[in-house]
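Once you've looked at the hints, dock chains B, C and D against the given chain A.
One-letter residues, chain by chain:
Protein chains: 4
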Amino acid sequence: MSGNTIGKLFCVTSFGESHGAGIGCVIDGCPSGLALSEADIQPELDRRRPGTSKYVTQRKEADQVEILSGVFDGKTTGTPIALLIRNTDQRSYDYEKIKQVFRPNHADYAYIQKYGIRDHRGGGRSSARETAARVAAGAIAKKWLREKFGTEIRGCVEQIGDIHCAPRDWSAVSQNPFFCADPAQVPALEELIDRLRSEGDSIGAKLYVEATHVPPGLGEPVFDRLDADIAFALMSINAVKGVEIGDGMAVAQMRGTEHRDELTPDGFLSNHSGGITGGISTGQTVYARYAIKPTSSITTPGKSIDEAGQATDMRTTGRHDPCVGLRATPVAEAMLALVLIDHALRHRAQNADVIPGTPRIV
Amino acid sequence: MSGNTIGKLFCVTSFGESHGAGIGCVIDGCPSGLALSEADIQPELDRRRPGTSKYVTQRKEADQVEILSGVFDGKTTGTPIALLIRNTDQRSYDYEKIKQVFRPNHADYAYIQKYGIRDHRGGGRSSARETAARVAAGAIAKKWLREKFGTEIRGCVEQIGDIHCAPRDWSAVSQNPFFCADPAQVPALEELIDRLRSEGDSIGAKLYVEATHVPPGLGEPVFDRLDADIAFALMSINAVKGVEIGDGMAVAQMRGTEHRDELTPDGFLSNHSGGITGGISTGQTVYARYAIKPTSSITTPGKSIDEAGQATDMRTTGRHDPCVGLRATPVAEAMLALVLIDHALRHRAQNADVIPGTPRIV
Amino acid sequence: MSGNTIGKLFCVTSFGESHGAGIGCVIDGCPSGLALSEADIQPELDRRRPGTSKYVTQRKEADQVEILSGVFDGKTTGTPIALLIRNTDQRSYDYEKIKQVFRPNHADYAYIQKYGIRDHRGGGRSSARETAARVAAGAIAKKWLREKFGTEIRGCVEQIGDIHCAPRDWSAVSQNPFFCADPAQVPALEELIDRLRSEGDSIGAKLYVEATHVPPGLGEPVFDRLDADIAFALMSINAVKGVEIGDGMAVAQMRGTEHRDELTPDGFLSNHSGGITGGISTGQTVYARYAIKPTSSITTPGKSIDEAGQATDMRTTGRHDPCVGLRATPVAEAMLALVLIDHALRHRAQNADVIPGTPRIV
Amino acid sequence: MSGNTIGKLFCVTSFGESHGAGIGCVIDGCPSGLALSEADIQPELDRRRPGTSKYVTQRKEADQVEILSGVFDGKTTGTPIALLIRNTDQRSYDYEKIKQVFRPNHADYAYIQKYGIRDHRGGGRSSARETAARVAAGAIAKKWLREKFGTEIRGCVEQIGDIHCAPRDWSAVSQNPFFCADPAQVPALEELIDRLRSEGDSIGAKLYVEATHVPPGLGEPVFDRLDADIAFALMSINAVKGVEIGDGMAVAQMRGTEHRDELTPDGFLSNHSGGITGGISTGQTVYARYAIKPTSSITTPGKSIDEAGQATDMRTTGRHDPCVGLRATPVAEAMLALVLIDHALRHRAQNADVIPGTPRIV
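Residue numbers (the UniProt record's numbering), protein chains in the order written: chain A, 1 to 362; chain B, 1 to 362; chain C, 1 to 362; chain D, 1 to 362.
Worth double-checking, as some hints may not be accurate.
To be verified - Calculated cross-link-like contacts (lysine to aspartate or glutamate; reagent style EDC-like; alpha-carbon spacing at most 20 Å): (1) D:K143 - B:D353; (2) B:K99 - A:E262; (3) B:K54 - B:D89.
Note that these hints are calculated values from the structure, not bench results.
With the rest of the complex left out, here is chain A (with noise of 0.2 Å):
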């Protein structure tokens, strides 16, 4: 209960550190019959990866995961599934100098307040490279939603400083290290990072990710909607500051009669509210972007204390992305297939008896 489960009926239990033995998770829940191998989740980690560009960290991971356990003959089997993926490119020495010092904007100081002990090396517990684990969990969600429900789930980058990348054009983002779908924007992106990193800086991001094809009646009224449910999930990942569901923070200034979503038996006219009311799905498109801070690890020095209260000057080196929100595009697409089969299988759970609503209108 410190946190690192999520999930209520598909759970996935979280472990691991930067600089240790390696990351991994267990779930908990995944119904049986599923076909599944490792060669169904590489390929989504292979996605987040690092080093994969020279616009990224450049700690060179395979990132193999293993399947310990809940696969039989090459199908899930009801019971857990644990996944293991081994650090092997760990360079814990660059993070000597950095022991005694609490990184400007880093978990360093909350840490020690918390715990009173801290894995210094890459950030332990709180690096970025946790959420592999998630990426991991999140493919076996995205399997078992696809199969069952043909929903996809895909997310873009559609901000990052003043670049906005405006068309969305889905076949593009693959194409790029930027998981940007808006090819024109590429070169000014790949400008912007190169100039960033050479001048000791880095940048935040906003993002776009979605989910097609959400059958109607996911989340539970109240307090876990699916609204709340995909915004903790969002949050939960780091860096993240702000979450946006449908219309998000705009809806400020708008009217009744713009931001609603009219209804018609041939479907809704519009999608203000990203596919969710009342907290459930109504089986149009959930959609949400989410804002990621820059990087905290950048090598223009600030102050700082260190462990004995005193004050000092702070650069951070080691091998860092100087936008962290390059590589979160996978992480939220894991998080957004955890939070939707989470509730599909709360659904049926309390609601396998209801007759579907007519009229069923998208």
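Below, chains B, C and D alone, put in the same frame as chain A:
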């Protein structure tokens, strides 16, 4: 597990419908020994109560809370505290005509898909009336946090439509029906709400909420982060579509050198992070913003369908707030209090032996 | 999370004290569409009600249940069902003299160690009166199980002191105040209870409870086994000190050839396992036994101490059952029902796609 | 939520199958600062390990545990501790012939009903091999409890078939392969097990487990009582069919004057209650008994059916314990430790402010 409980150690289970016998909640996990009576809860309910000004719904509810259990000789005993607020001013006949029709952007359509049945009277369970139970529970959490840590929680409106309430004079908030901390904008708000009502329209809002004197160390990294739980809690409020912690969505265009909060022996030099790094409180003020969509119940007709799937024109009558954001502040404060007390209890469960880290700066 | 909720999908949160405003519970997770009114619950409460014969406590409680929420037009809506039973016959002055004294084998001493405060009136939260809330919730679970699977749950007393109630005539159980299925033993039981009351003493009991027509496949292996959850549920009843599934403690002297239940195409040849193997129901009758300690509140004085640590002689007056086991049957039935409905919902969450195994024998 | 996690604050999630890659668990919620290495865990695993005497299964497993995460510089960090034990001596071909057949009293039939698929090799997930993960987790709990409160947990066998091990000499337990505290009975036990093996039969057992120096106040009244959680934990061990706390099933024939534990300023005069009243520890020794059914895997043929529903004769070969109770003691100790640490953490979450009641007697 239909999602009507929030909290892992300070667990609040909400029940009740807008036009049923009443609403209430059971609080399981309140520490023993807290002085408590109805008089500690009623003032918070009065802040949220409908019918108190002409700018909000004219439903007249006394919202008198009764403590059914868990308090003996004026103190909490550590056993469940059940709270009950009877409904008194239901006018269910107002809703007969919408019995067969789905109101656009309401939960109606989603509920029927999920449950195959819905209590159409006043929104049933999806009514904002349910938030009274949260406010009642939050009053207890607030009291405990104040006595234990000196934590103060407060909120205000920041934007309604195009009206921005910029200067923050906390003493003004209780002096107007808008929870507006910028007295100069009150006349404009009055005019806007009057106009919307006459036009049969509604408007969204952006609001701010903060907690001061939050001890460092609250929040569990990875999933149950303090920021993730705040996002969950605020997004679970009816009509909320976006949540921001610290700099929020604006981080997308910020640089690392600009966003990071530098540390000195005398404390942090800024608070862009909203008092949370790595999912854990730093001891700085925790603050968040959230956006609430315009009220869905408006008198301007809109396209909809009925339960037979036939097209119809929908015009919602009944007694509604032109801006549901107006009464959201006490609810958001309560939700923040519920998150903080839960994490305070979780923290001492796991970390009670930790000698708080030195240095401790704020 | 102070442990007042049972169930992971059909969650029952109990509240209330013996001499407070009332007792009740909130049921979160009941499927929608179940026909329900107070009339479905009251008969079960009447079976447990005090004061119905001279062999049990003479406290007169009507135990009238009110459904506060979750039911609309005579059907459950899928939202929380809150139930309230007001206390009416408290005589708290009976308890003034024990205010400062710990009654031997009561929860008094442990409560003060845990909470530093206790509601001494009638046992407060530790009173068996709390079980009325469980019976009320169990009535709903029973109804759903009966309608869905034809499951029938029933119980009886097997032993009180040296009196064994051996032949099992289910029609006799409701014909005597002892829930005794062996009518020949009723006069002996009457004589025993009368004698104990005059002697100022009390007696323990062993009871039996079973569920027929339990579908196979319920129960989660490893921890949340069906048998482990039944043990938990029965041991959570006040005064229970032992729980047996199937052959129970007697397996210690059994051989494998004797204990195993052989399978044939026409079904199992025996049911030593109590309808559960590997933690999962087999489709056979699920049955258990449990032992209840003698009532602690007796008029024969015993050694004790007061809150100042001084020795004192303790003689409990008030209105008490000479054998708390006498009224336990409806409670145990309710607990078994709560476990079964919870696992039925869990099963369909995870295994709804499974085509039930062939062969299916019972 | 398929039930592979135990604990609410000290959460242990178990994974793995008898003949898969390995078994293990993730512990989420272990307080930081506990000195920990594999050397703290291995001795407990060695006590449970198969193949150590001719009286138990001849499977040879080194049961070497690896700590994958959560420990840094020899201390726990408060983050999840993942433990992995690789399987090395699987002989899955032993199981080919039972692939299509249900072994009587095994989980086979129930698994196929539940999941539609089963890992038949060595019992898969239902194998007692899974308990190694529990023992590993329990070793950590034991260490924490010992350091924090001086709590000692130990167990022994009390009865195997008709052989009763009555005098309790704790120093003898580790001197024989039966966990027998009555050295005089060891030869009889040796003879019995030898005879059973030659007869192709097996036998049940009754065992005892206790914890001394348990602080008062642990346990949550009503549902999550300490006794209910112990019953749950012990009944969750493979093959357990009965659990007793304190006097256990014998209370059925006891009088109130006989069963109650009187209090004096110098402490309790007896401990019939097993150290728990009202679901809360009193500070006395907590003790329980549990009965384990005879091993289901025996070489005497029995009636069964195959997956096609045809009658067959079943004779289980492979390497099995003639008495599964023989190796249960380290598992039961571990389960008791897991329950106690969980309640210790829960207690301080809610009751950390309570000034322990005076008087405190034991």
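Here is how each hint holds up against the structure:
1. D:K143 - B:D353: Distance of about 15 Å is within 20 Å: holds.
2. B:K99 - A:E262: At roughly 18 Å apart (the allowed maximum being 20 Å), E262 of chain A and K99 of chain B satisfy the hint.
3. B:K54 - B:D89: holds, 17 Å
Every hint from the earlier list agrees with this structure, and none is contradicted.
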